[in-house]
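2 protein chains.
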Amino acid sequence: MRELYHYPLCPFGRLTRIYLLEKSLDHELMVDLPWKRKKIFSENHVFSDLPALLEMDGTILEGWYAIVEHLELHYRSTSLLRVTQKERAETRRIMTLFNEMFFADVTKNIVFEKVMNKYMGNASPDSASLRKGNAAVGKYLDYISWLMDRRNWLAGDEFTLADVCAAAQISCVDYVGSMAWDSHPNVKEWYMRVKSRPSFRGILADRISNVIPPAHYSELDF
Amino acid sequence: MRELYHYPLCPFGRLTRIYLLEKSLDHELMVDLPWKRKKIFSENHVFSDLPALLEMDGTILEGWYAIVEHLELHYRSTSLLRVTQKERAETRRIMTLFNEMFFADVTKNIVFEKVMNKYMGNASPDSASLRKGNAAVGKYLDYISWLMDRRNWLAGDEFTLADVCAAAQISCVDYVGSMAWDSHPNVKEWYMRVKSRPSFRGILADRISNVIPPAHYSELDF
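Chains as they are written, first to last, in the working numbering: chain H, 10 to 231; chain X, 10 to 231.
Since the hints were made in silico from the structure, they are not lab data.
The hints are all genuine.
Output of the computed footprint for chain X on chain H, the stretches with three or more beta carbons under 8 angstroms from beta carbons of chain X:
| # | segment |
| --- | --- |
| 1 | 64-77 |
| 2 | 87-97 |
Quick list of simulated restraints, FRET-style, between CB atoms:
| # | chain 1 | residue 1 | chain 2 | residue 2 | range |
| --- | --- | --- | --- | --- | --- |
| 3 | H | E37 | X | R159 | 27 to 37 angstroms |
| 4 | X | L229 | H | M125 | 35 to 45 angstroms |
| 5 | H | I221 | X | R140 | 27 to 37 angstroms |
| 6 | X | L229 | H | R210 | 51 to 61 angstroms |
| 7 | X | M65 | H | G211 | 43 to 53 angstroms |
| 8 | X | R140 | H | G147 | 24 to 34 angstroms |
| 9 | X | I221 | H | D191 | 43 to 53 angstroms |
| 10 | H | V92 | X | D191 | 50 to 60 angstroms |
| 11 | X | L213 | H | D151 | 30 to 40 angstroms |
| 12 | X | R140 | H | R210 | 38 to 48 angstroms |
Because the structure is a prediction, the values reported are computed rather than measured.
Quick reminder that beta carbons are idealized off the backbone N, C-alpha and C, glycines included.
Let the hints inform the model, and build the full structure from the sequences given.
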């Protein structure tokens, strides 16, 4: 059985978990344990590169990018990058927007401050970072809303990794109670559709000790 | 002739520029002009997705990820992702480390605060962000140093996109004078080797109005 090592509230771990389920690739989830990982991963794994996938043939893939591109090549059914070169470019464009920009602007400033710092023994969240994150989230919701006026899913007619990446980031921000859903009804409607997919169930069941998500976090109709 | 639209001090634009030159793919550099872009790019291009490549057949690729994966598929000579699945996974692992983590931890906090804010009409740089960025850079330099004690280039024996992504981010931080080179001599030696590649010349010649880089920025032996 392949093994996926992850942190529950990491957006890149979440996107990989959803991806594996959407591709119907069996795996066991392993919450990262540094003392266990040392035996498995290469010595160059001194930096945090989660999520990391240990394939059944012993192949080690670290980081969502290595995992996704490797699995897309080897398991071609139900490609979540889509089929034509135009579709794939559009999916990857939106993935980058969320994995890099939304992550740096919003997730890092809000989720890392509210949760990660607590575990790393740092002091209370930096209020300037929280302010920045909260100020930045609106432009992404505006953009999703704009796309939802024109498309069924973020990158076009079909559900793709663009939806997975966006929802993975947003779900982390939602967990810590920092999503203002009521201002963007069609974004909320899109997120409800993502939440109702079986691949999303594990994400909704995640619980971090000492950090309780708002009641609507795991409700499909919220 | 293909056209690459970019901002000069964007790490993702820089990685794409180096990549195109390393692949010997002819292109014209277009500094982004919003009024020009509107005619070329799709209407869904309402968000900043630079760099963006207009291929000779009219294909539009937005964001480094869409550009790199498209060109790797269509122009297979001199793959900067390397050959074996293990090499490709290792290259992509390190790319993610710099494109997402270093970007969010360092580049965003330092370069965006020092330069981008100026152009967007914001006030002076946020000193808390600068402090965070400066505090974070050390762990990445430690890691590059660790790799350089064991390898010729970041992902192994050969120059890859891992080196390109790392150097693209670092070059932006270096432009604004925030790299402490003397603490990590073997990282400096690696960066000198990257700088001396012909593909890097354009990066070293970049100048942003009102922001003068330190003297060593464009020196090959610094």
